[in-house]
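Trainee: Chain residues, written in single-letter form:
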Amino acid sequence: MKRKLSIFLLTLAMFGGLLAGCGGGDEKAADPAPTEQGTQNKTDDSQKTDDTAKTDDTAKTDDAKQDDAATDQNDGLFPATDPASSPATAMNRKDTLIVGMTAPKGIFSPFYGETAYDQYVVKAMFDSFTEVQKDGTYGNSLAEKVDVSPDGLKYTFHLKPGLKYSDGTPMTVKDYVFALKVLLDGSYDGPSDMLSVKIKGAQEYHDGKAKDISGVKVIDDNTVEVTVLEPQAMTKDNLGTVYMVPEAYYGKGYKQGNVESIKALNNKPVGSGQYVLTKYAPGQEVDLTANPNYFKGAPKVKNIVFKTTTEETKMAMLQSGETDMDMVTVSEDNVEELKSYGFLDVNIFPTNGYGYVQFNHKLKKYQDLKVRQALVYGLNRAEIVEGVYGKYADVINIPQSKVSWAYTDENIEKYEFNLDKAKQLLDEAGWKVGSDGIREKDGEKFKINFSATADNSVVNALIPIMTQNYKELGVELISETLDFNAVMDKKDKGDYDMFFAAWGLSADPDNTIFITDGAQNKMGYSNKKVDELMEKAKVELDQNKRKELYKEMYQELNRDLPMIFMYQRRDMWPINARVKGFDLSPYKDFSYGLYNAELSQ
Amino acid sequence: MKQYIIRRLLQMIPTLIGVSIIIFAISSLVPGDYITAQNNPNMTQEKAQQLREIYGLDKPAVQRYFIWIGNMLTGNMGDSLVHKEPVTTVIDNYVWNSFIIAFFSLLFAWIIAIFAGVFSARFQYSLFDKIVTLLIFLSMSLPSFFLGLFLIKTLSLGLGITPVGGMTTAGLNAHGWAYMVDVLKHAFLPVLVLTMLSTGSLTRYFRTSMLEVIHMDYIRTARAKGLHERVVIFKHALRNAMLPAITLLGFELPGLFGGAIILEKIFIWPGVGQVYLESINMRDYPFMLGFTIFIALLTLLGNLLSDVLYGIADPRIRLK
Chain A
1 MKRKLSIFLL TLAMFGGLLA GCGGGDEKAA DPAPTEQGTQ NKTDDSQKTD
51 DTAKTDDTAK TDDAKQDDAA TDQNDGLFPA TDPASSPATA MNRKDTLIVG
101 MTAPKGIFSP FYGETAYDQY VVKAMFDSFT EVQKDGTYGN SLAEKVDVSP
151 DGLKYTFHLK PGLKYSDGTP MTVKDYVFAL KVLLDGSYDG PSDMLSVKIK
201 GAQEYHDGKA KDISGVKVID DNTVEVTVLE PQAMTKDNLG TVYMVPEAYY
251 GKGYKQGNVE SIKALNNKPV GSGQYVLTKY APGQEVDLTA NPNYFKGAPK
301 VKNIVFKTTT EETKMAMLQS GETDMDMVTV SEDNVEELKS YGFLDVNIFP
351 TNGYGYVQFN HKLKKYQDLK VRQALVYGLN RAEIVEGVYG KYADVINIPQ
401 SKVSWAYTDE NIEKYEFNLD KAKQLLDEAG WKVGSDGIRE KDGEKFKINF
451 SATADNSVVN ALIPIMTQNY KELGVELISE TLDFNAVMDK KDKGDYDMFF
501 AAWGLSADPD NTIFITDGAQ NKMGYSNKKV DELMEKAKVE LDQNKRKELY
551 KEMYQELNRD LPMIFMYQRR DMWPINARVK GFDLSPYKDF SYGLYNAELS
601 Q
Chain B
1 MKQYIIRRLL QMIPTLIGVS IIIFAISSLV PGDYITAQNN PNMTQEKAQQ
51 LREIYGLDKP AVQRYFIWIG NMLTGNMGDS LVHKEPVTTV IDNYVWNSFI
101 IAFFSLLFAW IIAIFAGVFS ARFQYSLFDK IVTLLIFLSM SLPSFFLGLF
151 LIKTLSLGLG ITPVGGMTTA GLNAHGWAYM VDVLKHAFLP VLVLTMLSTG
201 SLTRYFRTSM LEVIHMDYIR TARAKGLHER VVIFKHALRN AMLPAITLLG
251 FELPGLFGGA IILEKIFIWP GVGQVYLESI NMRDYPFMLG FTIFIALLTL
301 LGNLLSDVLY GIADPRIRLK
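Heads up: the protein sequence lines correspond to chains A and B, in order. No gaps in the numbering here: position 231 of the first sequence is 231 in the working numbering, and each next residue is one more. No gaps in the numbering here: position 156 of the second sequence is 156 in the working numbering, and each next residue is one more.
Okay, chain B solo, but in the shape it has when bound:
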């Protein structure tokens, strides 16, 4: 197992290098740079040239790549051009906000999906199953921004029970417990929307997985032996059905930190997704590239995590 993990970690290195070359190539092919993005009618040619020199934008792409990679290897992602701060600081400022929403919606989505999926499979073709399927398709087909805005209109403006947006109430300098309550109040709507959107497909996935397992011979055996239905479903069937789901969990890792770009805009949630989108618009290369590598790393780690967890959970798999 340890050998396997080490080998996989080593394999990640050439993958990351390849990723870095590709994203750097794409970023240098895209027209425009930070200076053009500012579109300052008063900027003189000399000033523009000066700025390009200071930022190193006037060097050829290959040279810039090696400078950047060299810095990255020492952990220095460079300074964000838009924020004028180290990229790592900027990410740190925003990523934990995204993490809060992503984490809670992941938690709720999975719990709801597991139960809905299990019962749906157990009572296949029943009224419950049909209603659940309907709700799933509904929630999957509604666009996130529509759902978000609709909930704001009905719950925040209409009923006044939730705030319109933001992460905290402006001007309220709460600390400790009061602060957490304030954040949770504001997180309610974004988490609700995100949960609604992801539960749908997850439920479908678990239902299918569960259905497969329920028709297996060993389930029939368990029932024949006289075990309680509850034990048969939740102990034997569910554990086997969950195995493929564990691989899914590993892939959720980059999603936890990536930020939900659209929802962050709608709910004015200070997450890292909208910062990332803006950096692309403003051609803020250090941030853009730094964050992309960060997500790429998380994706690869998530991949590894999936495989390792699967190996641990399923005794039939031997990882070599």
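Next comes chain A alone, as it looks inside the complex:
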């Protein structure tokens, strides 16, 4: 009897304990996010693209959507409502600014830095002739001026005189030539692709057939002339954004064909930039101290620390004042939470990237435009996007960011959700509804094998809605979830029907995704008009003419639907109100303006 009673009480207590443990779990924080990776890819140092397919949203989709009565604004600056409530931990840091970010890999080299986070450190420490501006165009930085010959083949860079590196070495254009040599070296295995800029003599240097690059001429210590084989719109900035490095430091031990000595200096950078590296603790922090001789003026904040944070606790760190700023995934919950702290200036702007669903154009059924149109009209994109991001994302209809100079919404079809129209299009295309409700044509049933990545909140919202929408259309959707690399591998091999992914955009609209046999065109899409327009725009040097060409091209892409364009979401940088002076844009991130920042006391 005693035993039975004890067992009963024990069970009861256990249940009680378990239930007590269940309640009160922090909703936002409790979701373990998949490994966040911002992979950085650059044709040249200023083009940043973030691997947005893997940068994931951890906020749960709220079934009961929060009534955001405040405002319809879904980007811009939301200033702090109560700056005085900033925690003491932050306010007591008089001369140090702490930026939270994913851990950089320690590759602080302008030649080898790959991830966005390593690039932040590189940008804080190095400069180049030109750099990207707020609106995505390029302006002069180290360069006093840049002359371009009328035929677009000769580029003359004039370096500002009297500049020095942080170790006192004077800067000359010979350092620039050295940097080019490293990037063009046959054994260079970093992310930059200088060969595609088609400098005269580059291929010969790369293959080891020449000791110097014939197209690069040093006129004097502050003037260098580069000749290219063909004119391209991006050439000036591809050449101009090569970082200046002291040859005396990086060139020690460099021999053509052997870049090992340069790789060895990956975590010991020396540059001319805003800050100097004083400490690097892998996985923990990067410490930077101001360079008092910085040519744009000594930075006002003496110390900067890039502290490693993870998705689960970055908001907690902002709240406790352990970090002053961080990049937080945008979701309605997160934005509300951050605004509620009161002492954060919340900056929200459109992400430089977009999400899409790709068709495999090698399969016959997707080659019919009517089918593609039907699949877009028949998919409720607005519902999916709103379900994941709330109001903090837009459905897009061209593969370009709203903030780009090349963006257009003239004559762009919105493809709003319309099942009847979709059904009609499929009927016209010859896909008739069969006896089991699935459409068929020539004996083939309309089945889609959809590949998607696991642990992705967009996919989790997309698949049920897509399955439902397409079912009503008479199309059967079979989805499989794989890990990111497996999906990418399938994409490369062409072994798929449709898949969802997202990627980043560079500041310049030129890319190889939509041109026939383009490097990133793994879907087999081919459109003569697009090829023509892309080619013309690539070599056109006049910005306005380029804008017109791209406008036509986007209209064509919008009409021809190479893929289902899904959404452009938002990036968010909450910054403690004690920090002033940052002027952020999707193209010009905080690392460009560190020297302008100041801490109010």
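Hint data in this document are derived by calculation from the structure and do not stem from the laboratory. If you're wondering where the values come from, they're calculated on a predicted model, not measured in any experiment.
Distance condition first, Cα-Cα at most 30 Å in a straight line; then the derived DSS-like pairs of lysine-lysine:
#: 1; chain 1: B; residue 1: Lys47; chain 2: A; residue 2: Lys538
#: 2; chain 1: A; residue 1: Lys432; chain 2: A; residue 2: Lys414
#: 3; chain 1: B; residue 1: Lys153; chain 2: A; residue 2: Lys94
#: 4; chain 1: B; residue 1: Lys47; chain 2: A; residue 2: Lys529
#: 5; chain 1: B; residue 1: Lys153; chain 2: A; residue 2: Lys391
#: 6; chain 1: A; residue 1: Lys522; chain 2: B; residue 2: Lys47
#: 7; chain 1: B; residue 1: Lys47; chain 2: A; residue 2: Lys588
Simulated restraints, written as ranges between beta carbons of each label pair:
#: 8; chain 1: B; residue 1: Met72; chain 2: A; residue 2: Val539; range: 45 to 51 Å
#: 9; chain 1: B; residue 1: Leu249; chain 2: A; residue 2: Lys493; range: 44 to 50 Å
#: 10; chain 1: B; residue 1: Tyr4; chain 2: A; residue 2: Gly186; range: 52 to 58 Å
#: 11; chain 1: A; residue 1: Lys255; chain 2: B; residue 2: Arg7; range: 47 to 53 Å
#: 12; chain 1: B; residue 1: Met72; chain 2: A; residue 2: Glu472; range: 52 to 58 Å
#: 13; chain 1: A; residue 1: Asp151; chain 2: B; residue 2: Gly75; range: 53 to 59 Å
#: 14; chain 1: A; residue 1: Glu204; chain 2: B; residue 2: Leu29; range: 39 to 45 Å
#: 15; chain 1: A; residue 1: Lys255; chain 2: B; residue 2: Ile69; range: 29 to 35 Å
Just so you know, even glycine gets a beta-carbon here, dropped at the ideal spot from N, CA and C.
We have chain A already, so just place chain B on it with the hints.
Mentor: For chain B alone, kept in the frame of chain A given last:
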């Protein structure tokens, strides 16, 4: 004994070779490689091909295996593709951080588990025993990330007595003693969570072991001879009960260096577990394979250590 150890060490070699073949085969069957993992929309075919050549990724799997094994035999694990540094350097950068947490939580877990287990067994079915059992099951069933986040919310944000995460306070360039204090302050929560999670099952294990021993005849004899209860329990019973536990200790060896992947993410602890997980995602083969072999080696050594310790501790076992 020496002969035994040498023989076991020699036996490890074919095992390691087998392990290396299996993990290499698995890694080459998995779709995707470092180039696809980067997913760079601006990478041209030529550049991708160039990179594959430089990294040796375009060679057939068997050839790559022998190149890799050849390097491994000379102690060269290759360069990590993600970190662009030798794998051994990368491991060295992070593994000691993991070691700190693992070591302290191992220490505390064992001490608490031994005492809880012993008293639980001694006072079987008492109120103490029942409470301890309840706590054990509670701590075993709560997921680590939940516990971690909950403690952060209550202790760090709510009470403000512990930092939210990281291993050191950012910007604080402490040295020597001050540095150690800073690290210990930051290690408090992760060690607490890890201890809570492992103590549970350990206590259960010791309790069972102790119970078995307490009912042995020689314990009855010791009591009959008039020995103090404390001596009977802690000298005679405990020593015998600990024997199977010694084998457990050997297996903890790989755990000391393996890193707690989930906790490291939650507490932003710069350990080797999250680096390892990332290398799998990014298909950083040199690091992935190098680290796996490292752990495999530690596991085998731990196994050997267990057997040897058991042979030393228990006079009834003769190792041949």
